[in-house]
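Novice: So you can see what is in the structure, the chains are spelled out below.
There are 2 protein chains.
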Amino acid sequence: MKENTVILERLARLRSVMAKKHMDYCLIPTADHHASEYVADHFKAREYFCGFTGSNGTLVVGNSWAGLWTDGRYFIQAEKELAGTGVELFRMADEGVPTINEYLAEHMRQGETLGFDGRAVTVRLGESLAEDLKDKEIRISCEEDPAGLAWPERPPLPCHPVFLISDDLAGLSASEKMKQVREKLSEKKANALLLTSLEDICWLFNFRGDDVACTPVALCYAYLAENSATLFIQSGEITEEAAEAFGAADVEIRNYEEILSFLKTRNYQGETVLYDRQHLSFALLQVLRERAEATGGSLVAGQNPTLLLKAIKNETELEKIREVYIRDSAQLTKFLYWVKTNAGKLPMDEVTAAEKLDSMRALLPGFIELSFPTISAFGENAAMMHYEATPEDHAQIEPNGLYLVDSGGTYQGGTTDVTRTLVLGEVSDEVREHFTAVVRGMLRLAGCCFIEGCTGRNLDILAREPVWELDMDYKCGTGHGVGYMLSVHEGPHNIRWRQLEGETETPIHPGMIVSDEPGIYLAGRYGIRIENILEVTRGAKNGDGQFLGFEHLTWVPIDLDGIDVSFLEERERRWLNEYHAGVRERILPLIEEEEIRAWVMEATREV
Amino acid sequence: MKENTVILERLARLRSVMAKKHMDYCLIPTADHHASEYVADHFKAREYFCGFTGSNGTLVVGNSWAGLWTDGRYFIQAEKELAGTGVELFRMADEGVPTINEYLAEHMRQGETLGFDGRAVTVRLGESLAEDLKDKEIRISCEEDPAGLAWPERPPLPCHPVFLISDDLAGLSASEKMKQVREKLSEKKANALLLTSLEDICWLFNFRGDDVACTPVALCYAYLAENSATLFIQSGEITEEAAEAFGAADVEIRNYEEILSFLKTRNYQGETVLYDRQHLSFALLQVLRERAEATGGSLVAGQNPTLLLKAIKNETELEKIREVYIRDSAQLTKFLYWVKTNAGKLPMDEVTAAEKLDSMRALLPGFIELSFPTISAFGENAAMMHYEATPEDHAQIEPNGLYLVDSGGTYQGGTTDVTRTLVLGEVSDEVREHFTAVVRGMLRLAGCCFIEGCTGRNLDILAREPVWELDMDYKCGTGHGVGYMLSVHEGPHNIRWRQLEGETETPIHPGMIVSDEPGIYLAGRYGIRIENILEVTRGAKNGDGQFLGFEHLTWVPIDLDGIDVSFLEERERRWLNEYHAGVRERILPLIEEEEIRAWVMEATREV
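Top to bottom, those sequences are chains A and B.
Under numbering that gives the first Met the number 0, residues 0 to 606 are what the first sequence spells out, in order.
Under numbering that gives the first Met the number 0, residues 0 to 606 are what the second sequence spells out, in order.
Hints in this document: simulated from the structure, not taken from any laboratory.
Note that the structure is predicted; figures quoted are calculated from it, not measured.
Note that CB positions come from ideal geometry on N, CA and C, so glycine has one too.
No false leads were slipped in.
Per the computed footprint, the stretches of chain B lying under chain A, defined by three or more beta-carbons under 8 Å from a beta-carbon of chain A, are: (1) 448 to 455; (2) 465 to 477; (3) 537 to 549; (4) 563 to 570.
Simulated pairs of lysine to any residue, SDA-like, Cα-Cα distance not exceeding 20 Å: (5) B:187 <-> B:288; (6) B:339 <-> B:587; (7) A:178 <-> A:167; (8) B:187 <-> B:504; (9) B:188 <-> A:130; (10) A:474 <-> B:448; (11) A:474 <-> B:544; (12) A:187 <-> B:131; (13) B:43 <-> B:8; (14) A:540 <-> B:93; (15) B:79 <-> B:350; (16) B:183 <-> B:510; (17) A:178 <-> A:229; (18) B:188 <-> A:101; (19) A:339 <-> A:394; (20) A:133 <-> A:106; (21) B:187 <-> A:97; (22) B:187 <-> A:130; (23) B:540 <-> A:521; (24) B:135 <-> B:21; (25) B:540 <-> A:96; (26) A:187 <-> B:105; (27) B:474 <-> A:451; (28) B:540 <-> A:522; (29) A:540 <-> A:448; (30) A:187 <-> A:269; (31) A:188 <-> B:105; (32) A:188 <-> B:133.
Excised from the complex, chain A in its bound form (with noise of 0.2 Å):
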């Protein structure tokens, strides 16, 4: 295998830092300061020293020795691109693999240190890390950034200006936000909240930013007390406008790194904090914790209020989402169209797939950003959960296969998030009976009945047993859910069989929007993944409960040259020609090309 000289480069420099550092192992996590899922260039240092592109994963270094942690998701891509790097893969939550606190309790020798940036590293991670590590009386050194040393040529912290949400549109005004959140801390017993959470703050005070590739949010801190909010965020994004309205909302405009100086210096008597262990920084517990110890006040960890009240949409956010769905399902249905009938005609490949279809989607009222790379994947890269078609290293598309698209935008008024794959040319019967496992997991999630009180984990096995009767399995959850012009993918809900480590179960109320994403992926072949959004409907309420339902909010042709209708069940294929009237019923007024009519009145004939 040809060795990647330039990772092993930076691996070296890597290692003359932690030698002069006295750290035995350092860890780079794949986070900002405030655990967002993507993140600027600024913090991709993970990925600078080990090549792994994937949004997910953490690299440890030893002297001698590198590993990168990553999910089922990336397996297949983190082989390829670690390739020559030396750097050992670890499959997270397969069969035998050590999780990184159980290799490191494991290798890291008696007294030696652990070093990480603190502020990249959150409160959960750190407390763990630091008790499995105990026994060995491992020291961590969390005060500077190992990697930064190391990185001459990293990037500039983002800066750009902040937009304004209206109340219009967010349905809440900013202050009726901050009475809702206050009234929950106080169910909590406390009555004082640090948000670090980037979607949080967005949220909570009705703007969005634009420092992050796909998540219209901007690197902030915020502090509310009873009787004051206190915003942190680089003067630089502060438009007039946005400075109007924080002020007339009464929140208090700081600089972005005042959040440390404004903790170390607060008196926090009578005040009770309220943090969250999964979004907090290490580095900033330990400020808050000393000086709140000092001033007679106290801490309390657990979920931010904000999370849940941002994921359960109100009736305006609902109506425009609908609304966004239906336009973005369109346009996605007019390029389907324009593959599926020009493959083998038109040259076509990965690559300009996808900018055709990021152009198509650009062109909608309200367009802000992709939501995500999109995922423009044909055969066997397809495979490969999440795979980026690069300039340098794509497919072309053909007709003898399957193509899977996986794309969403944030607009005015929604963030949308949707997969199709297409058949293109013959597939075998074995194709087929994949395509149609999926298609029928889809289907049964998105047409289940629960009570309140269910979480993603009640209701996963609903998706994925017509996968697992093949005796395959997804390594991913079925479901995550999606936020309103925010990140597309946002908790605290989701549909997974197991949940993640150390995550809490949250119920799926009424007003939640959830993905629906049943998958097949066999590695060296082909993927198959059909993902709706759906929306979380009230069914009857009696004695016995209140019921719930789903509603799609996603509106675009399956393939039915996928499906072998011998394998549905009869409501299974009553659920795929409902749905596929409903396709018409939404999607025909805003096409006006015939061809692309009648191609979809086609695509949606029952079966």
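Based on these hints, arrange chain B on the given structure of chain A.
Specialist: Showing chain B alone in chain A's frame:
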């Protein structure tokens, strides 16, 4: 409403004891000193003081108020039995109903005293009460048994000879089991085990007893150390044969009451003792903790390793169980034939029918006892999940409704549990829709495919969704584990969509057996339950994991008169027909009577 003077007088006597002992509230659980599910009469204080006879319930008595907490299986029954006692019914897990801890935390006044028998309250309950009542500085008085002091006619402790289980029947000798347990202990970094749950002790030492109705266990304790095993049991229970066998396995026998002095005087130096918060009594833990600390031992709370070892049946046990279930199924089928063909012709009521069934079971080879009191319920009585007909209070069985019979036996070679609901005469379309939904749920769970790691929380919806689709719910779990010649309800696994408070979720392992019993219960109208016991079996194993499924152990016709085939999905119809073919194949060889054979053929016909 007529006053229940018997109960009122008993409560008055209890209150006068409470006054003497300076208790403001007293708590009376349904428990022996081992947290057994079914208890000997000696321990039925809760029933004595409030009249409620269900198997699960906790009575709390204040100076001028009393309340009973019970679960959904017993809401209707408890309401009936508490009538005229003034005892308030708290429907556990219903919306807005406080838990006992919440109730006491709200209603007890600063500094008051809560009394209970510390031997009859588990560590978990005792500690949670102490914790939740801490803010009000409630004193816990657990040295004396207030109920016992107010109960002059209390029956004595039961004491019956034990009997041994041969290695042929157990599959593993007591010595082999002790070795397994010690290995599991060392995985948990412990080297001693205080065992207080009766089923676990009987399983470990391969014996059974007769101290509790319907559960063949003896009152006992056990202490397993690295090089010793001690069984505490009343001397009147040890036969010569047993003494010899225990001697051969190096199990020392001491008197039941000596557990206290043993724990109080042991030197725990070098011992780490595992105890189970769910089964150890609050009183014993105090003794253990004090002495262990004083002598340099340490304690660790955790699940008894016996629990999982006992739940995963070995191949010998499974073979015996399969045979026993077929014999039990054939016998029940004969009874169902009799009811189905004679209702309305011969006189029969709930009690005489149950007696007939019970006496038929008693004729089977290896019969030991019923595994629980037969539930024989006609019409609206079946809406009470755990209804028990009595000679004084029962209904006739008539050819104009549904008859539910839930029953089982313990035999040499297994414990059974099965429910069938019969349609007698004409029933409405609605009844058939409901009946079909219950059957569909049962079949869907039994026919499912899942992956190792799943717990009952992942699977429950498969059985329950057809009921939810009708905007109804059953207020209990879908399934429970079943013991091997032990308790009919045995964890640690179960099938529920949400766990009971404090319960640990256990993945479903191959070799476990579990019930599958969805139902519909309409108060004042009817109850439908279909219950099979399933064995967990292995499917394919590959890179995605170990796939699992179920096989039926129960082989009894499901009444086709209750089924409206138009509600069945195709695969459900297939499953039903396959199941009925299996019934014919397995039970016809055990049925000689031509007319019953003919009836079975008809009752299991293809639909």
